[in-house]
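Going by the numbering used here, the first residue of the sequence shown is number 3, and it counts up by one from there.
Hints in this document: simulated from the structure, not taken from any laboratory. Do not rely on the hints blindly, as some may be mistaken.
Here are the computed lysine-lysine pairs in the DSS-like style, where the Cα-Cα straight-line distance is at most 25 Å [as the list claims (entries may be wrong)]: (1) Lys169 - Lys145; (2) Lys195 - Lys145; (3) Lys195 - Lys169.
Label-pair restraints from in silico Cβ distances [stated by the list, open to error]: (4) Trp180 - His118: 17 to 25 Å; (5) Val123 - Gly86: 28 to 36 Å; (6) Thr82 - Thr144: 28 to 36 Å.
A quick note: this is a predicted structure, and the numbers were derived from the prediction, not measured. The beta-carbon is built from N, C-alpha and C at its ideal position, and this holds for glycine as well.
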Amino acid sequence: MAFPSDFSEDQIVSFLEHIGLSSLLQQQRFSGNATQDLHFLQQLHVHTIAAIPYENLWLHYNPTHTNNIKPQDTFNSVITDRRGRGGYCFQVSIFFNHMLRGLGFPAYLAPVRSRHRLDGVPEGGYSGWVHLVNLVSLADGTKWALDVGFGGDGPTAPMQLVHDCPKTNLGRQEIRLWHDWIPAQLHRTDGTKLWIYQYRNGPEHAWNSFYAFAEEEAIEADFHNINWYTGSHPESSSRRSLVSL
């Protein structure tokens, strides 16, 4: 089943050129060959986070102090205007979702609960939904999470939904997904376990949890509601802190 995209083929080509993919990779689309498709996803992921910054300047320097997460508007600000702009999680990941779908990938969005940082370190309980990831299934049955809108400490490549499979991220940092419940969950069955994104800055450090998500899909209308909180509520960290990475 095809996953419709808001973007035309010309817009997809402009995106691939903007993120600096090689001319050979710019010709590639979803093929049904899992090895080839995974390589393409890996290149899309790393080129996207290198070319499109994580930033929330809209919330601080826009006259209305609001942002827009519609994919066409993100395309115009990031690709058409060519001013080096990016966006925060909802802007970039919804935009990226439509690019994946336009490239033929069966990609959908899942909402994420996150832990607040203190001096850059996540601690305490999990929030409600304040983030999102793209989930993609390949022909070999594997499923992958792509997070191109987390900023610092985010994954630099797609992560397979497999329990406790550490990967090197940046420098000495390692990341993994841990399949378990979070403390606030009361209904605990195998089916209610979440994928918990964890990191450690070297093998001598303990693993720490950043965020958690299930495999259920959320639609874009859900994220417009969630975005109201992250972009408008006075307790939202995005309202209190200016970020550009």
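Verification of the supplied hints:
Between Lys169 and Lys145, the direct Cα distance comes to roughly 16 Å. Compliance with the 25 Å bound is thereby established for this hinted pair. With a C-alpha separation of about 16 Å, the suggested pair Lys195 and Lys145 falls inside the 25 Å cut-off, and the hint holds. Between the alpha carbons of Lys195 and Lys169 the distance comes to roughly 21 Å, so the proposed pair stays at or under 25 Å and holds. A hinted range of 17 to 25 Å holds for the C-beta pair Trp180 and His118, which are about 19 Å apart.
A C-beta distance of roughly 29 Å is found between Val123 and Gly86, which places it inside the suggested range of 28 to 36 Å. With their beta carbons about 35 Å apart, Thr82 and Thr144 fall inside the hinted range of 28 to 36 Å.
In the structure shown, no violation is registered for any of the earlier numbered hints.
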